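**Q** Sequence:
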Amino acid sequence: MSATNEGSSDVWRKRLKEARLALGMSQKQLGIEAGLDEFVASTRINRYEQGVHAPDFQIAMRLAEVLQVPVAFLYCDADEMAQMILAFHRASKPQRRQALAALQ
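In our numbering, the protein residues as written are 5 to 108.
There could be a bad hint or two in this list.
What the hints assert, rightly or not - Below, a list of computed lysine-lysine pairs in the DSBU-like style, where the Cα atoms sit at most 35 Å apart:
#, residue 1, residue 2
1, Lys-97, Lys-32
2, Lys-21, Lys-32
3, Lys-18, Lys-32
4, Lys-97, Lys-18
5, Lys-21, Lys-97
No lab work stands behind these hints, which were simulated from the structure alone. Note that this is a predicted model, so its numbers are computed, not measured.
Let the hints inform the model, and build the full structure from the sequences given.
**A** Here is the structure:
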């Protein structure tokens, strides 16, 4: 795990916590389901949410999968864009095509 700069750390921790709370998951539960050792799961997720450390991309992908969000959502620095990413991810294929057509 490596320390992060303040800007990206703020975005990462905000999105991670937002997605975790939306599912009603504890930090420990998230960590365990993402494949972290149960004895360090809560501490590791807490450190991610506090901005002390950031996971490598492989762990970020596992966390996103458990949280049912695209990994891009976790890194998106604009709230409106993050919500668009999440909505697009959750939309059906026809809805995605329609949204893309509307935006082009």
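**Q** Give a verdict on every hint.
**A** Hint by hint, here is what the structure shows:
1. Lys-97 - Lys-32: 34 Å, holds
2. Lys-21 - Lys-32: Given pair Lys-21, Lys-32 holds - Cα atoms ~13 Å apart, limit 35 Å.
3. Lys-18 - Lys-32: 17 Å, holds
4. Lys-97 - Lys-18: At roughly 28 Å apart (the allowed maximum being 35 Å), Lys-18 and Lys-97 satisfy the hint.
5. Lys-21 - Lys-97: Holds - the C-alpha atoms of Lys-97 and Lys-21 are around 28 Å apart, at most 35 Å.
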